[in-house]
Structures are given as C-alpha cells and as structure tokens.
Amino acid sequence: MSDEPLTMLRSPLKLEYTYTAGEISTRFLRGFAEGKILGRRCPECDKVYVPPRGNCPICTSAMDREVELAHTGTITKFCIVNLPFAARNIEIPYVSASVLLDGADVSIFHLIQEIPYNEIRIGMRVEAVWEKPEHRIPGMESILYFRPNREPDVDVNLFEDAGA
Amino acid sequence: MQTLVSFDFMSDASPSTQPEVLSAQHVLEYPYKRSLGPVIGRFFTSLREGRIEGVRTAAGRVIVPPTEYDPETSEPLSEFVEVGTSGVVTSWAWVTNPRPNHPLQRPFAWVLIKLDGADTAMLHAVDAGSESGMATGMRVRVRWAAEREGGIKDIECFEAEGS
Numbered sequence: 000m001s002d003e004p005l006t007m008l009r010s011p012l013k014l015e016y017t018y019t020a021g022e023i024s025t026r027f028l029r030g031f032a033e034g035k036i037l038g039r040r041c042p043e044c045d046k047v048y049v050p051p052r053g054n055c056p057i058c059t060s061a062m063d064r065e066v067e068l069a070h071t072g073t074i075t076k077f078c079i080v081n082l083p084f085a086a087r088n089i090e091i092p093y094v095s096a097s098v099l100l101d102g103a104d105v106s107i108f109h110l111i112q113e114i115p116y117n118e119i120r121i122g123m124r125v126e127a128v129w130e131k132p133e134h135r136i137p138g139m140e141s142i143l144y145f146r147p148n149r150e151p152d153v154d155v156n157l158f159e160d161a162g163a
Numbered sequence: 000m001q002t003l004v005s006f007d008f009m010s011d012a013s014p015s016t017q018p019e020v021l022s023a024q025h026v027l028e029y030p031y032k033r034s035l036g037p038v039i040g041r042f043f044t045s046l047r048e049g050r051i052e053g054v055r056t057a058a059g060r061v062i063v064p065p066t067e068y069d070p071e072t073s074e075p076l077s078e079f080v081e082v083g084t085s086g087v088v089t090s091w092a093w094v095t096n097p098r099p100n101h102p103l104q105r106p107f108a109w110v111l112i113k114l115d116g117a118d119t120a121m122l123h124a125v126d127a128g129s130e131s132g133m134a135t136g137m138r139v140r141v142r143w144a145a146e147r148e149g150g151i152k153d154i155e156c157f158e159a160e161g162s
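Those sequence lines, one after another, are chains A and B. Going by numbering that gives the first Met the number 0, 96 is the number at position 97 of the first sequence; the sequence numbering is gapless. Going by numbering that gives the first Met the number 0, 69 is the number at position 70 of the second sequence; the sequence numbering is gapless.
Since the hints were made in silico from the structure, they are not lab data. Do not rely on the hints blindly, as some may be mistaken.
[Unchecked claim] Pair ranges (Cβ atoms, derived):
1) A:E3 - B:E67: 13 to 23 angstroms
2) B:S77 - A:N81: 17 to 27 angstroms
3) A:P56 - B:F79: 51 to 61 angstroms
4) A:F108 - B:E67: 51 to 61 angstroms
Note that the coordinates shown come from a computational prediction; the quantities given were computed from them, not determined experimentally. Idealized CB from N, CA, C, for every residue including glycine.
For reference, chain B alone in the conformation it holds in the complex:
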C-alpha cells in the first residue's frame, strides 16, 4: 500500500483581503485495491462480458447486484441468474451539479432500477437530459461503457427506452 500526499507550494490565498494568510491545494490519495470475493467477482466479470447477473435465494427471489448470503436464511448463495439489461425506475433523485467523481459530468439522476427478471432494485445513474425527463415507473435500458474492465462503471449509465 502506498499513500500519496502532494501539494503545491503555498501561496497567498487572497492578496487583496488577507495578505498574511497562506493557502495551498492538497491532494491525499490512497490507491486501494479490494478483493471481490466469488459473488461480486462474478457479477463484475459478467458486466465486462456485457451481461447482468443476479443470484437466486432459497425463496426464489432474484437479487441484483448479487449478495453472497441469503438475506432471509443467511445461507450462502450460488445460483446465478442472468437478468435483463432494461428495467423500471422505482425511485430517483436529480443531480443538478455533478461532482468530479460522479458517473456523468452533466445533470443526471441517481436511480434505483428494478431490472427485468430481478426482485430487487439496483442503484445507478440515468442520463435523462433534464429533470422533466425523469419519472418513477419509466422504463430504462443499459448504456454500456465503450471500454469495459470489470466493475460497476462498465455500465456507463441507463437511458430512457425509446430515446
């Protein structure tokens, strides 16, 4: 593990108002790697291959993204199920000013999407152009990233069906 700390030389923050006070831009970065385990590892591998997979519980529910253990029985889960790449928006929140590490650098919606064949909703983003393009219950489909490396960002975002 390497920790990276860097900063520019200190400079006067605001010469006109506070000539005495120094200010500097700092960057603190931890280049973490995390191990995925058998279930999220398989989920991300399938995204890289252009498929979305969930896992079936003892009661027959399909959980997407898959979990390692059954939330009802606590038993390990291993029956993977491919689900659709389209689904229904069950909830959403509009982001007017995206932050630098957000999935889209223009206004977008965080959404919970219940994919076709799934019984749970997954968090992702919808590129709807404007807030008026969003509605609970709307159908959306996946927009794959141009280059997929295995990770949730392999899905660039979702977009309205028919758009």
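Only chain A is shown next, with the shape it has when bound in the complex:
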C-alpha cells in the first residue's frame, strides 16, 4: 500500500449483454460459415444492402430478395490505425477501410492487409481473403481481411453517391 496522496482512480465501465441477431442478420452471418456474402435487394429502390436488413432503410419496402455478392470490391474510404486495440492483435499502423463490394450499394468495413499501409488509396480494387473452410464461423471474422487484387483503380466519381 502506497502512502502517496491519490491523484487517479481506476474506474472501468463494463457492459455485458446478449446480442440476438434476428432472422435477416442470422442468414447474413450464417452465410459467412458457408463462404458467402449475402445481401438483399430493395424491390422499389433496386439498391442492394449488405449487411441486409428486413426493410429498405430509404423506402421501408420489405426486402425479400436475397443476393449473393462478389468477394471483390473497391475501397471507398479508409483510416490508418495507429493505436493498439486490445481485442485486435495486429501490427500497427494498419488500415481499416470501407469496401464497396461489386454488386452492392453500401459498403462494408474491414481490414486491409498484404500491402504497406501508406500505399492504400481510395479507388483501389481488393478481394476477400477467407479463413479456411473448417475454421469459418457464422460471423464476418470468417473473412480475415481484404487485399489488393491488382485490378486497375476505379474512378472515384463512379461511386460518389453510393452510401459508401
């Protein structure tokens, strides 16, 4: 026990909760265990959402059409992470990016690897690198990361108005 006057106090906040995915998100999550990325298309807006929702967030139509998406996409924005993160044992700096999958109208957020962080750019084409089939789980972690697939960059103006 120290005799020094106290100046700081540990005061952790902890929240323990049960997350229940619901029917639509469950289908999305189970898709990863099978090596699939599943979205849904709005019958009115014709937009494809991934992760899928039961109803279109714009027009509220029931989105009853499931769409399997490509495992390739385009980086629409990214951030360079310089702070270590307890639950993620990755060498810093690393890059997390929004990836607009081919065929989707909104982007997903994932890790970019196999390229120096300072060479990553908006418009870069990437592909998913999957966990081995026997280690896949019903969750996005079954995609380990995205990496450049050497296709030419996409003109950023093409997806300027995407919900990306």
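Guided by the hints, dock chain B onto chain A, whose structure is given.
Chain B in isolation, oriented as in the chain A frame:
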C-alpha cells in the same frame, strides 16, 4: 485508452423454439481512469487511512463527501475536517435483488447517512440482513473493507450500531 470488445462465438439462442436465430454474449469494457483533483483525492486518501473527512464551508457547514467549491458562495474550499465513522440514516431504499456490480451481493439498503459532525448526508449501503432491520433515524457505523486502495469501496458498507 484501450477499448475491449469480446464475444463468444454465436450459437443458437433457443433451438426448440427459434432454430434460425443466432445469439451471443457480448462484453464491452472501457478501462477508464479518472483524475481525482485535490479534494476527492484527499477524501479517498483519508478513506485508505481509515478516516472520513469532509470540508468546511464559509458558513461553517461540514460537507461530506467534500466538494471543491462552496455551494453557497462558489469559493474554493480547503479546510478539511475529520468526521465520525458513525452516523444517522436519513433516507433509505431496500434492494431485494442486488445487481452484479452492487456493493453487496445479498439484499441490502441504499442509504443516505449523516455522519456525526457532518451537515450533509452521504450515499452508501447498509448491510441490515432484512428490510425489517432498516429504519429512518437508525444509527449505523462504518464497516471498513479488508483491503483499502483509496476509493469509496474502502468502505465495504455500514451496519447497525450494536449489531
């Protein structure tokens, strides 16, 4: 600052009724530290040493736990006063089912206690066994924690005098 998020692998929530829906236990934790400042820092330091200290205002009132500024004049306060480790319950609420982060893991009372020598009441817990053991106006005394690190949990709880 590190943020810790972890979760178990998703599993079927209730196979008998909803075989399709996944469910998982999640934990979100922020390991905050806060700086105490000169007044609460001294208050917690005194708890670690087994004393309870308040602060005297310009009007002569003793505030426990101490505040940094006089609630009437807004002037900074610095005259620390040791108060008693016993006092009177001025208000209470019985907790039948304690939550995991409550000070006691058996039924207890949240209480406002006006310690001897203090002019304000302090929030803490009383270990009374049952609700019938609680009454406004009852006298209680501190039960110190076995190990004190400097913090309000250095007081494990209060208990009825004579118990």
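Here is how each hint holds up against the structure:
In this structure, E3 of chain A and E67 of chain B meet the distance hint of 13 to 23 angstroms, their C-beta atoms being roughly 20 angstroms apart. Distance hint for S77 of chain B and N81 of chain A: a CB-CB separation of about 42 angstroms, inconsistent with the stated range 17 to 27 angstroms. Between P56 of chain A and F79 of chain B the Cβ separation comes to about 57 angstroms, which falls inside the hinted range of 51 to 61 angstroms. Checked against the hint of 51 to 61 angstroms, the C-beta distance between F108 of chain A and E67 of chain B comes to roughly 43 angstroms, which is inconsistent with it.
In the structure shown, a violation is registered for the earlier hints numbered 2, 4, in ascending order.
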